[in-house]
Structure formats: C-alpha cells, structure tokens
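Enquirer: Dock chain B against the given chain A, drawing on the hints supplied.
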Amino acid sequence: MDQSVAIQETLEKEENCITAVQCDILFDKITESRLLGLVESAKEHAIFIYTHRRMAITADDVSLEDIIPVSLDFAIVEVSSPEELAVVGADTRVRVSYRDEELELRLPFGSNSRLFLSEVNRAWSEVCKSPIQKPKFEWINKYTNAIRGHGVVKQTIAPLGIRNIKLNQHLETEKSLDKKGDLERENGSNSGTQKSRVYSSVESRGIPNRDDRDDLVRSSSHTPSNKAQILTMPQFGLRDNLIRCELLKNEELYTYLENYSFFLGTYNVNGQTPKESLRPWLSCTLDPPDIYCVGFQELDLSKEAFFFNDTPKELEWMQAVSEALHPDAKYALVKLVRLVGIMLIFYVKKEHAEFISDVEAETVGTGIMGRMGNKGAVAIRFRFHHSDICVVNSHLAAHIEEYERRNQDYKDICSRLQFRQLDPTQPPFTIMKHNVVLWIGDLNYRISDLDVDDVKELISKKDFETLHSFDQLKRQIDKEAVFDGFVEGEIHFQPTYKYDTGSDMWDTSEKCRVPAWCDRILWKGKNIKQKHYQSHMALKTSDHKPVSSVLVIGIKRINGETYKKTFEEIVRNIDKMENECIPSVTLSKREFDFKDVKFMQHQAETLSLFNDGQVPCQFEFIQKPNESTYCKPWLTANPPKGFIAQGGSVDIELEVFVNCSTAPELNLGKQQIEEILVLHLERGKDYFISVTGNYLPSCYGTSIHLLCQLREPIQDMPQETLRELAEMSGDENAENSEKPLDIPKELWMMVDHLFRNAVKQEDIFQQPGLRSELAEIMDCLDTGIPDSLPGSNHSVAEALLLFLDALPEPVVPYCFYQQCLESCSSASQCERVISMLPQCHQNVFNYLAAFLRELLKNSASNRLDVNILATTFASLLLRSPTKQDFAEKRKTREFFQHFLTQGSS
Amino acid sequence: MAKQYDVLFRLLLLGDSGVGKTCLLCRFTDNEFHPSHISTIGVDFKMKTLVIDGIKVRIQIWDTAGQERYQTITKQYYRRAQGIFLVYDITSERSFQHIMKWASDVDEYAPDKVQKILVGNKSDEVDKRQVATEQGIKLAEAYGMDFFETSAFTNHNITETFTRLAEQVLAANKKDLDLLWMSINDEFNLAALEEEEGLCDSVTGDQRKGCWC
Chain A
1 MDQSVAIQET LEKEENCITA VQCDILFDKI TESRLLGLVE SAKEHAIFIY
51 THRRMAITAD DVSLEDIIPV SLDFAIVEVS SPEELAVVGA DTRVRVSYRD
101 EELELRLPFG SNSRLFLSEV NRAWSEVCKS PIQKPKFEWI NKYTNAIRGH
151 GVVKQTIAPL GIRNIKLNQH LETEKSLDKK GDLERENGSN SGTQKSRVYS
201 SVESRGIPNR DDRDDLVRSS SHTPSNKAQI LTMPQFGLRD NLIRCELLKN
251 EELYTYLENY SFFLGTYNVN GQTPKESLRP WLSCTLDPPD IYCVGFQELD
301 LSKEAFFFND TPKELEWMQA VSEALHPDAK YALVKLVRLV GIMLIFYVKK
351 EHAEFISDVE AETVGTGIMG RMGNKGAVAI RFRFHHSDIC VVNSHLAAHI
401 EEYERRNQDY KDICSRLQFR QLDPTQPPFT IMKHNVVLWI GDLNYRISDL
451 DVDDVKELIS KKDFETLHSF DQLKRQIDKE AVFDGFVEGE IHFQPTYKYD
501 TGSDMWDTSE KCRVPAWCDR ILWKGKNIKQ KHYQSHMALK TSDHKPVSSV
551 LVIGIKRING ETYKKTFEEI VRNIDKMENE CIPSVTLSKR EFDFKDVKFM
601 QHQAETLSLF NDGQVPCQFE FIQKPNESTY CKPWLTANPP KGFIAQGGSV
651 DIELEVFVNC STAPELNLGK QQIEEILVLH LERGKDYFIS VTGNYLPSCY
701 GTSIHLLCQL REPIQDMPQE TLRELAEMSG DENAENSEKP LDIPKELWMM
751 VDHLFRNAVK QEDIFQQPGL RSELAEIMDC LDTGIPDSLP GSNHSVAEAL
801 LLFLDALPEP VVPYCFYQQC LESCSSASQC ERVISMLPQC HQNVFNYLAA
851 FLRELLKNSA SNRLDVNILA TTFASLLLRS PTKQDFAEKR KTREFFQHFL
901 TQGSS
Chain B
906 MAKQYDVLFR LLLLGDSGVG KTCLLCRFTD NEFHPSHIST IGVDFKMKTL
956 VIDGIKVRIQ IWDTAGQERY QTITKQYYRR AQGIFLVYDI TSERSFQHIM
1006 KWASDVDEYA PDKVQKILVG NKSDEVDKRQ VATEQGIKLA EAYGMDFFET
1056 SAFTNHNITE TFTRLAEQVL AANKKDLDLL WMSINDEFNL AALEEEEGLC
1106 DSVTGDQRKG CWC
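Protein sequence lines, in the order shown, are assigned to chains A and B. Count the first sequence with this note's numbering and you get residues 1 to 905, in order. Count the second sequence with this note's numbering and you get residues 906 to 1118, in order.
So that you can see chain A by itself, here it is in the shape it has in the complex (with noise of 0.2 Å):
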C-alpha cells in the first residue's frame, strides 16, 4: 500500500508527496514506528514525519510530528552492515541528521525503502549541486507552528528561515552492498574486507557527533566540494564498465552449465493452520531437491492480516515446511516474504548456500483498490552460481469471469515488481530480466465454456487433454495474451479446486464451484526440464490440493581457469585500448639549430605538431625546475601551449631573439645557444626538444672596459680571450700587454662618422634609423674597421643610441647613479663625479658630451636643443639599477645638462 496518498491528504495543493516509506525510529532503547514522507514545494524538499496507524489510508491515519527540511545541513548516512544484506535480505539502517540533531532509522527491506532513500539522496544532491540558491523552507513555517515543541527530534529543529548554511556537510554514503558472486570473489576478493573494516571503524564509533563525523570524512581526502560530486556520479568509471560489459559479452567462454533441481510447490490453505504433515507434498521425489521454492496463497484470510500485515501462521506454516523437507538432505532457509496471505519460502540445500548471492525480495499488491495486498505476488530474486533466477509467487484476481483481470494482475506485476540494483547507477531489475523465471501459485484461472458435470465427467475418465483445451490459463496463453514465453508442463492431475475441506470430495456447497486448475506452475529460460508435475490429494486441509513441480534447470557456472584467461584478456584489451588513446604527436623536427644568431636580428623555424593520437590533445611547454620560464629569454615558442584536434596539426614558431639583457653573458660565451624544451601533452607524453645555435658575439652588449682591450674586431677574437679579458676587467691594474684604448674602437667609429658627416643632419638623433642599415652598422663595427660606416646618418645615429642601451654596465655605472642624482643641481658637484668614473668610462662620457656640445653648435641646421638632447642621452648614460620614476628622470636630465652648456657657459 501506498502511504503516501494518506500523506498528501494533509498536505497544501502545491505540496507533493513524492514518496513514502515505514521505518522504525531508534530512539535510547525504544524503538518506534513512524511514518515519513520526502514532501516537495517548490524544488525544495523536507522530511516529514509522521506518528501513524499501522496501515495508513487517508489524513486521519498519520499525525505530523516534525519536518527536517533537506539543506545544507541535512545529512544521512546508512550505516547497514553489507554481510547480512548479502545474504538475507535485511533492514536498512540510517542515521539522518540535521544541524545539531540526529535520529537514527531502520527502514525495511525492499524496493520502497531503496526508492525512499534514492529521492532524498537526489534531494540532497541538488541543493548541494546549487549552494548558492539557499532554500528559504518558508512553506514549512505553518506546519512547524504547529508542531512545535513535541517533535521528535529531541532539541526541536532551530527557527527556520534564518540559517548558516554550511558547506562542509556532506552526505556519506557507505555502500553496503558488496556482490558475493563468483566473479567478484575471483576478482576482488580483499574488496569485501576492506569494505567491512571501513564499517567497523564507523559502527564502533557509535553514533558520532556532528564534529566527528566531519573529521571522518575530512580525514579522506576529498574535499567538500568534490564529496558532493561522488554522490551525483557513478562512481565507476567507464573502465569498470567497459570490463563488466565484455565479461558479459563473452560469458559463453568462461562458463558452462551445471544441472540442479529446483522443487517448486504451491498451496493455497484457504487461512487454515497446518493440521497435517507436508511430507507427502514436499518429500515426494527419491532424492532432495537442490533448491526449494514453497509458495503459499491465503495463509491468513483475518482482517488483522490484510490490515496490518502480520500474522502468527507465518511462522506455523514456516515450521511445517521446514520439518516437511527432504530428509536426506540440510537446508538453509534463505529468504521467506510475505504479502498478507501470499507468502514464499525459498530455502537451499547446506552445501550449494555459499554460491547463492544478491537474495531481493519484492512484493506487489494488485488487490482491492489494485494495491492492496489480498491479490498480488511476491518474489524472490537471487543469483546461483552465475545465474540469475526469480521466483514469483502470485494469488491472481479470483472468480471465473475474471480471467482478463488476471491478465491484467499478471501484467502489473510484471511491470511493479522491480528489485533494487546492487549498483545504483544500474536500472532496477525487473522479474523479466532474470535468466530464469519459476512462476508458481493460485493463478486462479478456471475450466470455462464447460458445466460441472462435463467437467467431473472428463475428470473421472481422467481425459485431462480435452479437459485441458477448456483451461482459461491455456486459452489466455494460446492467445498471448498472458505468461508470454512461459511454458508449463502437461497436466495430468485432477484439478485442485475445489474440495471439501478434509476430503477429496468437490465442492459441495451451494455454490457448487466447477473444479479447476487454480494452481500451477510455469517457467520462463533456457535448459530446463521438468521432472515432475503432480499434485497431492493426500493432503486435506485446504479446499486446494498442493502442487509440486520438479524441474532440472542448467545453472551456469563459472571456469575459473578460463573465466582468469577472459577477464586478463580483456583487462589487456582496455589496457591497450587505454594506452592507444593516450595524447600523442609527431613532431615534425626534434632538433632545431639556429646557424649564426646575431644581436637584434630575430630567427625563427617552424615546429610542426601533428596530433597522431586517438583523442584531442592539449600541449604546453612546460618549466623545468628552478627555472621560472619554460625556456631561456632568447628562445620564445609561439604559441607555447594550445589544442590540436585529432588528426589536425598545429605550427609553432621557435623564435631566437638576442637583445640587451641576454647579450652580454652570449659575447663572452658565458653562456650558448643551447636549450632543450618541454613540450607536454596533457595526461600524456614529454618530448624533448633541443634548441642549438651559433652565436655571433657582438660589441653590442659588451662592456666599455672590454671594447676598450680590443684592437680587432669582436669576432675575430677567440671565445676563449673574450672571457679571460672579461674576467681581469675587475682587476683595474691588471697587468697588460697593450695599453687599452682610450674608448671603445666601436663607439670612436660611430661618433667619427656623425662628426664628419652629420652633424648638420636635420633632425639627427630624433628620426629612426632603417632596420637593415642598423644589421649592417653592427656587422661592421662587429667584424672589421671600416673607413666609414654604411647606411644613413639616422641609422648610424640610431645604432649609437643602441650602442649605450646596450652597455650591461652604463656609462655613467649604476653604483655612481645615486650620487649623480643627489647631486644634479650643482654643475661642479656633478663634474666631481664624473671625474671619479673608471677612466674608460670616463673619456666616453666626456667624448659623447663634447660631440654633442658640437652639435648643438649647429643646432640652427640639425634642429636639436640641449632640452632633446639631454633627454634622450640622459637615459642612456645614466640609468637607474631599478626603476625610474619621473623625479628621478629629471634629476638625470639636469645632472647631464651640465655637461652640454659647459662650453657655452
């Protein structure tokens, strides 16, 4: 029965009972049972519960007794052990809190209760999916007026409305479920144990408070956010499925059938207690059954039965079976279910219990009111060995015209009965989807188109063939329109209905029934035979007779040998399927070597990346440690990360470009063109990528004192003699072959060259030069000792600015940048410090300000002024170590401006 329709009774019009469920509330020692309904309004949900009558129909039967609403702070955690649901089927016990409240639950076995806590869980998640829409709960106020003060949470739930909404609550959930099949006893044997130790360490903890459970789940290492996550997805990757999918696929390989007998009986007791033995029902075959499958139908015909489900003859007629079982053989009861008077017992012989797993029971109620539980059926699934089997029991609508009523029972409890998947990401099962289905019970199809005593005629001439041809249930099958791809055996027993009660006699009531195949036995599979098929007049106590059927069906089993080879060849398939989709590129050159790499020239060869993989790739050239880039600042790659599609290509710049700052350590072969990239594919490879080239040191980037010791040009020094020079150039008196020039050769050339030829240029120094000219200006300076200089005077203009910008150490040095600073107003103070620079340095500074004092002579001509020239040259010999502010521009501005009016002044 539904209860949440007695729910919905209580609730407003926009309020919604999605679903309900029965439990036991656990308080110290007591326990209770209550009644809960997720309610939703408006995409929020709460919890009500409810105080109840045992069978709740209208608003009447429940009472509320509190509401938790499902925020931030709502938990639940289930806390079943997995040993005893795997097995039998047993109680789900969960622990529901909610800020400083907790309630512990014990909800039945079954579907109602798995479905109870997948819509909360789904609830849950989606507030947790969208935390910043807090829920506002405000069409829970007029019920917790209401309530407040008796609710069953002991401190009543705080105000509602105003709440911190907590992000690191989390909702756990501790699957108890293990799979105890072959293949995963093969497989994951340890997963089992692992699993149960996880469980000890939480069961023993008790009930632990908020806090300790927030260190439980902080202690793993996932973090608030990604919790949350694991609970909306599957938590099996495509892998694991991929690998479930192909054992599937090549079951044939690895299995192979094994034969085991399965006695299935059926008695409708008509709400009788058990008076006689049931030996001669249940012991009737030479050797005992492997598999016992007992159904019973109208085991208790009183109201106390079809109202609150329970009944003292559950237990009697348990007992009877149980004593009346194959002699030579010991069973194990592994599951008995039971909807009001529609009950099964399955039990299995001792030795075969180990390979039975995954046991659901389920039931179904298509009676009065097409739920209820008079009519209905109940089942039992489980797995033996490695096949999948249902049982159903069913009590089908009664009465001889009825028969498409039937029908449609059957159908609905086709389409009803599903059991809980032990992977919640799977579909529930339904009872169609087994290998094998035993159907058994009081079908209650009739002998129609026929009177009694045509019927009584046929059975006494025990002409149960043309009897037969009047059965509904063989007609209704015929036609297809019922039991479709069932199959049951031939009949030759009388039917089992009606009789007096304690005789063989048939009805003799008013009614005077026509007797009937009311009970039977049908099945649906492969490689199944039926032993037997009989029924057992010895037995009086009903006006049913029971049924037996033996049948002998082929179970598969599993070859561990091969069921090893398939599963490690598939592990190796996904493995090499894995391995194949791993990102990877050709690329179209590993070695890359930039011949004759000169200051400011820019070099660049192309990297072609060629995504050979199965998947789109995402590359990057990574940083190699203690390294703060991916590449020395010469080398750029462009760009240096990206995304290649599949079989698409991608070209990367390798640009070489020496400037300033990388100069000077390149000249004196400090340093070389040599560098080895990183390119990384994300989730995938590395390749190396080396970067050579030859370095032409240049009188760019190198200091004034070492120009000052070259006689030849810069490049036909050896590399050798460039750094030795560099090292001693600290070393002032450092003893000295030659006596070094009074200014670099370089510098001398360039200015000789503007004197001679420029200094009535219109606008030197302040029109660029031309890009090609300045390359060949520095291969000049750099290579020979020209008469003159080629290209325009603009450009020779510009590569002497490009000559000073490129000094590692300035004109005017950084440690006398300060006190040049400090003393910029006082022309003599700024000339003392002039006179204290290292003698090169000094008669460059002084030989520039000279030659532009002798500019500014022409200035009516070349348009310059001491104002653009201090400008310009000022940031050139005097720069600052750091960075300059606009004050300190100044500053050097008026310190050089000194220097430019000197002769003038």
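Just so you know, these hints were derived from the structure itself, not from any lab.
Pairs of lysine-lysine, BS3-like flavour, derived with a Cα cap of 30 Å:
1. A:576 x B:980
2. A:576 x B:1079
3. B:980 x A:624
4. A:624 x B:1006
5. B:980 x A:589
6. A:564 x B:1080
7. A:624 x B:1018
8. B:1079 x A:565
9. A:670 x B:1006
10. B:980 x A:641
11. A:564 x A:350
12. A:670 x B:980
13. A:411 x A:433
14. B:980 x A:632
15. B:1079 x A:564
Now the stretches of chain B that chain A is said to cover, found in silico as 3 or more residues with beta-carbon under 8 Å:
16. 943-950
17. 966-975
From the three backbone atoms N, C-alpha and C, an ideal C-beta is built for every residue, glycine too.
Expert: Frame of chain A, contents of chain B only:
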C-alpha cells in the same frame, strides 16, 4: 561493489640509451617487439593493469630518454616514481658500468622509499654477451635489489620482472594503503596519498601537470 582496480603506481625505466627500455615496455604492455632502435627523446608512458593478491594494480610505466644530454631533465621525473627499473644491456659492458651512476642518481633524486630492480636485457644475444649473469647477480646483491635477465625479443622474464617490482612497491606501501582504505572507500592512488603528505606537487590522479616542483 567490487573495484576493478585499487591502486595506481608509477614505475620508471632507467638506463643507457639503447639498452632496450622502450622494447621492454612495448613487450610488456602490447606484447610487441620492434627491433629497430629509435631513441626515446622525452618521457613516454603506458598503462597496465595487474592483479596482485587480488588487488588490481594499475601501473603507469615511464620510459625515459637514456641519452646523457637529457639526464638533467629526466632526473626530475624520478621523484614521482614508486619503483625504478635499472636496465643495462648484457652485450654492453659500458651500460653495465653506468648502472652505478644511474643508481646514485636514483639515490639522490628519487623518494627514499622507492623500490629498485636490476634488469640485464637482451639475454637472447648470447654470442655478444659481455656481462656475465654472475656480475649482474653480484651487483644486485650489493645494492640489495632483485635481479632479472630479460629478453624483450624472446619475451623472457618480462612479465616476471614487471610484476616483481609492482609487488615490491605494493608491499612497501602496504601500510599507507591500509590506512587509506580505512578512510576512503573509493579508487585512489599513491600519488594522491603523497599529495596529502605534502610530498608531491599538485599532481592529481594520473594526470601530470605542467609543473615540476
């Protein structure tokens, strides 16, 4: 629910260029052998799933460039490995001599707990043998390592070698794994464990990020 695999380990193949590291890997993961030698220039890896004591162990095997010029870079990969194969070529005395250097690099750069195994590859090339099996055994003993002579060509001792190292890594990390199993119920890997202990960078799962430190 049974887990299909439970642990992820990183194993690293080290040794001179040309000793057959890539071939060992190809033979082990794809059961293929390519006789022509193409130098690995970079760091490649492949995945393989093993079942050890019922635990599904996914191993990520890194194949590194053996050439000397790349060694400063490849050393940086050591610290992320839980197990290391030191591979030499039995037909090359030189590659055997270099094992000492490789081993000392491992001591310097790899985590303390790293498991090592000595591998003498190309055992099929009997005629060209320059390093006697005894020499290998002796060296392995000196280092306290296990030793295998393998042939990627004939598939000799390949699975044994990889499985052995994986077993050693599993055993060496057993305690941590047990602890981790106590606290989480999910798939995890050692890399994640290291993260928690602050031993590792922000590497998550089997993804490597573009960062070395």
